[in-house]
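K.L.:
Sequence:
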Amino acid sequence: MDQNRKPIARRTGGKLRCADPGVWRRFLEERDLDPALAAAWSKFARSNIRLIPSATFDEDNTRPGTSKLGGLPDLPVGVAWPTRAPYRYPRMEDDFRPQAAWEPQPLSFLAQINLGDVAEAGCDLPLPKAGLLLFFYDTETQPWGFDPLDAPGSRVLFVSAETTTRRQVDPAAVSSRVRPLQLHPYQGLPSREWLQDENQDDPRYSDDAFYEELQKLGDQDEQEFAGHMLGGWPN
Numbered sequence: 001m002d003q004n005r006k007p008i009a010r011r012t013g014g015k016l017r018c019a020d021p022g023v024w025r026r027f028l029e030e031r032d033l034d035p036a037l038a039a040a041w042s043k044f045a046r047s048n049i050r051l052i053p054s055a056t057f058d059e060d061n062t063r064p065g066t067s068k069l070g071g072l073p074d075l076p077v078g079v080a081w082p083t084r085a086p087y088r089y090p091r092m093e094d095d096f097r098p099q100a101a102w103e104p105q106p107l108s109f110l111a112q113i114n115l116g117d118v119a120e121a122g123c124d125l126p127l128p129k130a131g132l133l134l135f136f137y138d139t140e141t142q143p144w145g146f147d148p149l150d151a152p153g154s155r156v157l158f159v160s161a162e163t164t165t166r167r168q169v170d171p172a173a174v175s176s177r178v179r180p181l182q183l184h185p186y187q188g189l190p191s192r193e194w195l196q197d198e199n200q201d202d203p204r205y206s207d208d209a210f211y212e213e214l215q216k217l218g219d220q221d222e223q224e225f226a227g228h229m230l231g232g233w234p235n
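Heads up: the sequence shown is residues 1 to 235, going by the numbering used here.
In case anyone wonders, no lab produced these hints; they're calculated from the structure.
Since the structure is predicted, the reported quantities are computational estimates derived from the model, not experimental observations.
Possibly wrong hints are sitting among the right ones.
Said to hold, decoys possible - Here are the simulated lysine to any residue pairs, SDA-like style, with alpha carbons at most 25 Å apart: (1) Lys216 to Asp32; (2) Lys216 to Arg46; (3) Lys129 to Pro53; (4) Lys129 to Ala172; (5) Lys129 to Trp233; (6) Lys129 to Ala161; (7) Lys43 to Ala161; (8) Lys43 to Gly227; (9) Lys129 to Gly65; (10) Lys129 to Gln182; (11) Lys129 to Pro76; (12) Lys129 to Val77; (13) Lys43 to Phe225; (14) Lys43 to Asp201; (15) Lys216 to Glu29; (16) Lys129 to Met229; (17) Lys129 to His228; (18) Lys129 to Asp150; (19) Lys129 to Leu69.
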């Protein structure tokens, strides 16, 4: 981020303000984007929580309830490690998929988010103020999620704050490497591809004209749209 710019993250009374399209419009116009395109893009600004990873540790010795990428999840006592059923794709169409697609498999643990950390950061997302979100995914088959038949390949578990948890070991993992997270209030815009689709009927923005405008954004500007986040727009 330009050191001369004010931070985009803003807080009021412990709550993240709604995203400010004016901040993004100025950001884009300062980079000489066409004013009409800057206005069209900035009006879609949404608030989010940016997830900033710390250093990587080889073993997960974090405290229970830590927000983190990787490591081991704090699952409710008595709850088994999440697995998926075999996919139901027609074999004739999906023979390129690994053999694992046709057999039950444990899901890989991706991340754990403490909703208390989200609330403390300041958030207007419709989430509980406490508890955990646990994210699991089939990293071997890696379904895209575009087909309803991909549904077994991912799972999000909500663990209430009153639930007794126990750290569980991944039955298929060879490592428990972990990156603890810091959570910061932020806001962002949809991807340039989404914006191009949204404005494809506007005669001012042919593919060439749209591409020429977006070339005005440099690599450093791209950092405003990158990284792990909760809420807002997917990237």
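K.L.:
Run every hint past the structure and note whether it holds.
P.N.:
Hints and how they fare:
1. Lys216 to Asp32: This hinted pair holds, its Cα atoms lying about 7 Å apart.
2. Lys216 to Arg46: holds (22 Å)
3. Lys129 to Pro53: Status holds; Cα separation ~22 Å.
4. Lys129 to Ala172: violated (32 Å)
5. Lys129 to Trp233: holds (21 Å)
6. Lys129 to Ala161: holds (9 Å)
7. Lys43 to Ala161: With Cα atoms ~36 Å apart, Lys43 and Ala161 exceed 25 Å; violated.
8. Lys43 to Gly227: Within the cut-off at roughly 21 Å; holds.
9. Lys129 to Gly65: holds (14 Å)
10. Lys129 to Gln182: Answer holds: Lys129 to Gln182 is near 17 Å, not above 25 Å.
11. Lys129 to Pro76: Holds. Lys129 to Pro76 sits at ~18 Å (cutoff 25 Å).
12. Lys129 to Val77: This hinted pair holds, its Cα atoms lying about 22 Å apart.
13. Lys43 to Phe225: Holds: Lys43 and Phe225 sit about 15 Å apart, inside 25 Å.
14. Lys43 to Asp201: With Cα atoms ~18 Å apart, Lys43 and Asp201 stay inside 25 Å; holds.
15. Lys216 to Glu29: holds (10 Å)
16. Lys129 to Met229: holds (17 Å)
17. Lys129 to His228: Within the cut-off at roughly 20 Å; holds.
18. Lys129 to Asp150: Violated: Lys129 and Asp150 sit about 30 Å apart, past 25 Å.
19. Lys129 to Leu69: holds (20 Å)
The structure does not agree with the numbered hints 4, 7 and 18 stated previously, though it agrees with the rest.
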